[in-house]
Amino acid sequence: MSYTSPLVNPQPFITKIKGLSDEGITIDKGVDRGKRDAAEFASKYSANFQFVSELQTSTEQFSTRWVSTLQQTRDAASSISAWYQRFIEVFLSLIDMIGSEGDVKEVIAEFNDFLGETHPSTKYQLDTTPGVKNAFNEIEALACVESKHVIDVLQTAKASDFSKTIEVKYIRYLQFHDKLTD
Numbered sequence: 001m002s003y004t005s006p007l008v009n010p011q012p013f014i015t016k017i018k019g020l021s022d023e024g025i026t027i028d029k030g031v032d033r034g035k036r037d038a039a040e041f042a043s044k045y046s047a048n049f050q051f052v053s054e055l056q057t058s059t060e061q062f063s064t065r066w067v068s069t070l071q072q073t074r075d076a077a078s079s080i081s082a083w084y085q086r087f088i089e090v091f092l093s094l095i096d097m098i099g100s101e102g103d104v105k106e107v108i109a110e111f112n113d114f115l116g117e118t119h120p121s122t123k124y125q126l127d128t129t130p131g132v133k134n135a136f137n138e139i140e141a142l143a144c145v146e147s148k149h150v151i152d153v154l155q156t157a158k159a160s161d162f163s164k165t166i167e168v169k170y171i172r173y174l175q176f177h178d179k180l181t182d
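Residues in the sequence shown are numbered consecutively from 1, following full-length UniProt numbering.
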């Protein structure tokens, strides 16, 4: 049975993340512009219409919430990136060290431990950014799906086929990692 990793073609994930990043930049610029415009507007008209100053206040409050939300998404992105790099550099490198049935059992245990870890995105408040949250969840899910696949392959591989069975997939992971971090 042939298996093609979804990580072989990372372009949809890269495109989605780039689009979200571009949207975030556009929103950030718009919020900044809105904040300046509201301050100018309030300064100009609040002497005769006091309630106009509420526009500046509410815009500043929104800006504060936006900056906090943006920081949460940046922190989550950094955390997920580090988690994913660890998956590539630590867990997938374990495959190269397999030389015996005992090694296979240890590597399977390591991948099972990885699967039991809390996903990094759950540590951040991302409910107000569903597009970002979904993109991060997809990346986390891919690492889990691939981990389960490695476990399945190792559980069924014969000792003479360990490195050959996993080698092609490992190269694909590295290619995806290179494209994602460019």
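Since the hints were derived computationally from the structure, they do not count as laboratory data.
For each residue, glycine too, the CB sits at the ideal point set by N, CA and C.
Among the clues, some could well be false.
Said to hold, decoys possible - Okay, derived cross-link-like pairs now, DMTMM-like style, lysine to aspartate or glutamate, Cα gap no bigger than 20 Å in a straight line:
{"no.": "1", "residue 1": "Lys133", "residue 2": "Asp28"}
{"no.": "2", "residue 1": "Lys35", "residue 2": "Glu23"}
{"no.": "3", "residue 1": "Lys18", "residue 2": "Asp75"}
{"no.": "4", "residue 1": "Lys133", "residue 2": "Glu23"}
{"no.": "5", "residue 1": "Lys123", "residue 2": "Glu54"}
{"no.": "6", "residue 1": "Lys148", "residue 2": "Asp96"}
{"no.": "7", "residue 1": "Lys148", "residue 2": "Asp103"}
{"no.": "8", "residue 1": "Lys18", "residue 2": "Glu138"}
{"no.": "9", "residue 1": "Lys133", "residue 2": "Asp75"}
{"no.": "10", "residue 1": "Lys148", "residue 2": "Glu101"}
{"no.": "11", "residue 1": "Lys148", "residue 2": "Glu110"}
{"no.": "12", "residue 1": "Lys44", "residue 2": "Glu54"}
{"no.": "13", "residue 1": "Lys44", "residue 2": "Glu60"}
{"no.": "14", "residue 1": "Lys105", "residue 2": "Asp75"}
As the list claims (entries may be wrong) - Restraint-style ranges between C-beta atoms, simulated for each label pair:
{"no.": "15", "residue 1": "Lys44", "residue 2": "Leu115", "range": "30 to 38 Å"}
{"no.": "16", "residue 1": "Arg74", "residue 2": "Arg33", "range": "37 to 45 Å"}
{"no.": "17", "residue 1": "Gln85", "residue 2": "Asn48", "range": "53 to 61 Å"}
{"no.": "18", "residue 1": "Gln50", "residue 2": "Ala82", "range": "22 to 30 Å"}
{"no.": "19", "residue 1": "Gln11", "residue 2": "Arg74", "range": "36 to 44 Å"}
{"no.": "20", "residue 1": "Gln125", "residue 2": "Ser21", "range": "12 to 20 Å"}
{"no.": "21", "residue 1": "Glu117", "residue 2": "Ile25", "range": "48 to 56 Å"}
{"no.": "22", "residue 1": "Glu54", "residue 2": "Ser93", "range": "55 to 63 Å"}
{"no.": "23", "residue 1": "Asn134", "residue 2": "Asp113", "range": "19 to 27 Å"}
{"no.": "24", "residue 1": "Ser21", "residue 2": "Gln85", "range": "16 to 24 Å"}
{"no.": "25", "residue 1": "Gln125", "residue 2": "Asp32", "range": "46 to 54 Å"}
{"no.": "26", "residue 1": "Ile14", "residue 2": "Asn48", "range": "20 to 28 Å"}
Hint check:
no.	hint	result
1	Lys133 / Asp28	holds (18 Å)
2	Lys35 / Glu23	holds (18 Å)
3	Lys18 / Asp75	holds (16 Å)
4	Lys133 / Glu23	holds (14 Å)
5	Lys123 / Glu54	violated (34 Å)
6	Lys148 / Asp96	holds (17 Å)
7	Lys148 / Asp103	holds (17 Å)
8	Lys18 / Glu138	holds (15 Å)
9	Lys133 / Asp75	holds (12 Å)
10	Lys148 / Glu101	holds (18 Å)
11	Lys148 / Glu110	holds (11 Å)
12	Lys44 / Glu54	holds (13 Å)
13	Lys44 / Glu60	holds (17 Å)
14	Lys105 / Asp75	violated (35 Å)
15	Lys44 / Leu115: 30 to 38 Å	violated (59 Å)
16	Arg74 / Arg33: 37 to 45 Å	violated (21 Å)
17	Gln85 / Asn48: 53 to 61 Å	holds (58 Å)
18	Gln50 / Ala82: 22 to 30 Å	violated (50 Å)
19	Gln11 / Arg74: 36 to 44 Å	violated (23 Å)
20	Gln125 / Ser21: 12 to 20 Å	holds (19 Å)
21	Glu117 / Ile25: 48 to 56 Å	violated (31 Å)
22	Glu54 / Ser93: 55 to 63 Å	holds (58 Å)
23	Asn134 / Asp113: 19 to 27 Å	holds (26 Å)
24	Ser21 / Gln85: 16 to 24 Å	holds (18 Å)
25	Gln125 / Asp32: 46 to 54 Å	violated (22 Å)
26	Ile14 / Asn48: 20 to 28 Å	violated (53 Å)
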